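A.B. asks: When you get a sec, could you build the whole thing from the sequences and use the hints?
Which chain is which? The protein sequence lines are D and W, in order. The numbering of the first sequence is this note's numbering, which starts it at -12 and goes up by one. The numbering of the second sequence is this note's numbering, which starts it at 969 and goes up by one.
Please note: incorrect hints may appear among the correct ones.
As the list claims (entries may be wrong) - With the Cβ distance kept under 7 Å, some of the chain D side facing chain W (calculated, not the full set):
| id | residue |
| --- | --- |
| 1 | Tyr18 |
| 2 | Leu31 |
| 3 | Ser33 |
| 4 | Leu36 |
| 5 | Tyr85 |
| 6 | Leu87 |
| 7 | Trp89 |
| 8 | Ala91 |
| 9 | Gly92 |
Claimed, not checked - Here are the simulated EDC-like cross-link-like pairs (lysine to aspartate or glutamate), alpha carbons at most 20 Å apart as the crow flies:
| id | chain 1 | residue 1 | chain 2 | residue 2 |
| --- | --- | --- | --- | --- |
| 10 | D | Lys29 | W | Glu990 |
| 11 | D | Lys(-12) | W | Glu1027 |
| 12 | D | Lys55 | W | Glu1065 |
| 13 | D | Lys29 | W | Glu1067 |
To be verified - Computed spacing ranges between beta-carbons, pair by pair:
| id | chain 1 | residue 1 | chain 2 | residue 2 | range |
| --- | --- | --- | --- | --- | --- |
| 14 | W | Gln1023 | D | Thr13 | 26 to 32 Å |
| 15 | D | Gly3 | W | Ser1045 | 43 to 49 Å |
| 16 | D | Ala65 | W | Ser1052 | 39 to 45 Å |
| 17 | D | Asp54 | W | Trp975 | 37 to 43 Å |
| 18 | D | Thr45 | W | Lys1047 | 46 to 52 Å |
| 19 | W | Val1028 | D | Thr(-8) | 18 to 24 Å |
Keep in mind the hints are simulated off the structure, nothing from the lab. Everything numeric in this text was worked out from a predicted model, so none of it was measured. Where is the CB? At the ideal position from N, CA and C, for every residue including glycine.
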Amino acid sequence: KQEVTQIPAALSVPEGENLVLNCSFTDSAIYNLQWFRQDPGKGLTSLLLIQSSQREQTSGRLNASLDKSSGRSTLYIAASQPGDSATYLCAALMDSNYQLIWGAGTKLIIKP
Amino acid sequence: SQTIHQWPATLVQPVGSPLSLECTVEGTSNPNLYWYRQAAGRGLQLLFYSVGIGQISSEVPQNLSASRPQDRQFILSSKKLLLSDSGFYLCAWHRGETEAFFGQGTRLTVV
Chain D
-12 KQEVTQIPAA LSVPEGENLV LNCSFTDSAI YNLQWFRQDP GKGLTSLLLI
38 QSSQREQTSG RLNASLDKSS GRSTLYIAAS QPGDSATYLC AALMDSNYQL
88 IWGAGTKLII KP
Chain W
969 SQTIHQWPAT LVQPVGSPLS LECTVEGTSN PNLYWYRQAA GRGLQLLFYS
1019 VGIGQISSEV PQNLSASRPQ DRQFILSSKK LLLSDSGFYL CAWHRGETEA
1069 FFGQGTRLTV V
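C.D. replies: Right, here's the structure in full:
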């Protein structure tokens, strides 16, 4: 059974720092892995999608990597800003049944 | 472009009352549809998913049910709400290997 784990559960850093959020999964049979952002009381916004054949995707200050063999994905945020404060979730799409399996999220606080 | 609509945005219901949350998708056909619940400060819990009309899979036993009367419509229901049903409910869709997209969520408070 696929399990997705996100570490750390919470992170607080000063503005301007570069940071890395981690996502690990136990079953490498995935179609893709997606990173989302959730602001308090709001829905989820898709940030980056990495297909299983890809190694990384970039969007602005965000860079997501995927290493299927080791069951890991990272979300790199460069030059963090207070507006980046949110909960970040990763989800793996299983190739056996097209189910999305979720991590519990990392709550990120960027201090001005 | 594809869009997903979920309503209502907020709902306060008394214990024992019925529930109906609706989610509709536009701009695609035959999507996989999902209902999730997110309790305060916790991750997403998959409640139901559907790969087609009338095909519903339940992930957790509960007093909730789901229906898919049309290809792009997914409904979450309950006959009698419990206090523990309070939470943030999210509808999502994706098709094949595409990105997953979420509605804006429904904040349900059972009083």
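A.B. asks: Are the Cα atoms of Lys55/D and Glu1065/W separated by 20 Å or less?
C.D. replies: holds, 16 Å
A.B. asks: Hint validation: Leu36/D versus chain W, beta carbon distance must be below 7 Å. Holds or violated?
C.D. replies: holds, 5 Å
A.B. asks: Okay, Asp54/D versus Trp975/W on CB: inside 37 to 43 Å?
C.D. replies: holds, 40 Å
A.B. asks: At a threshold of 7 Å, is the proposed contact between Ser33/D and chain W supported by beta-carbon distances?
C.D. replies: Because about 5 Å separates Ser33/D from the closest Cβ in chain W, which is inside the 7 Å limit, the hint holds.
A.B. asks: Can you confirm whether the C-alpha distance between Lys29/D and Glu1067/W stays at or below 20 Å?
C.D. replies: Cα-Cα ~19 Å, so holds.
A.B. asks: Taking 7 Å as the limit, does the beta-carbon of Trp89/D come near enough to a beta-carbon in chain W?
C.D. replies: holds, 5 Å
A.B. asks: The hint names Leu31/D as touching chain W; please verify it with the least Cβ-Cβ distance against 7 Å.
C.D. replies: Interface hint status for Leu31/D: holds (4 Å vs cutoff 7 Å).
A.B. asks: Identify whether the interface hint at Tyr85/D stands, where standing means a beta carbon of chain W within less than 7 Å of its own.
C.D. replies: Constraint on Tyr85/D satisfied, holds at 6 Å.
A.B. asks: Given the hint of 18 to 24 Å, check if Val1028/W and Thr(-8)/D actually sit that far apart at their C-beta atoms.
C.D. replies: holds, 20 Å
A.B. asks: Given a hinted range of 43 to 49 Å, is it respected by the beta-carbon distance of Gly3/D and Ser1045/W?
C.D. replies: holds, 48 Å
A.B. asks: Quick one, are Lys29/D and Glu990/W close enough, alpha carbons at most 20 Å?
C.D. replies: Between Lys29/D and Glu990/W the Cα gap is close to 17 Å, so the pair holds against 20 Å.
A.B. asks: Does Gly92/D pass the interface check with chain W, least Cβ-Cβ distance below 7 Å?
C.D. replies: Since chain W brings a Cβ to about 6 Å from Gly92/D, closer than 7 Å, the hint holds.
Of the hints listed earlier, there is not a single one the structure fails to meet.
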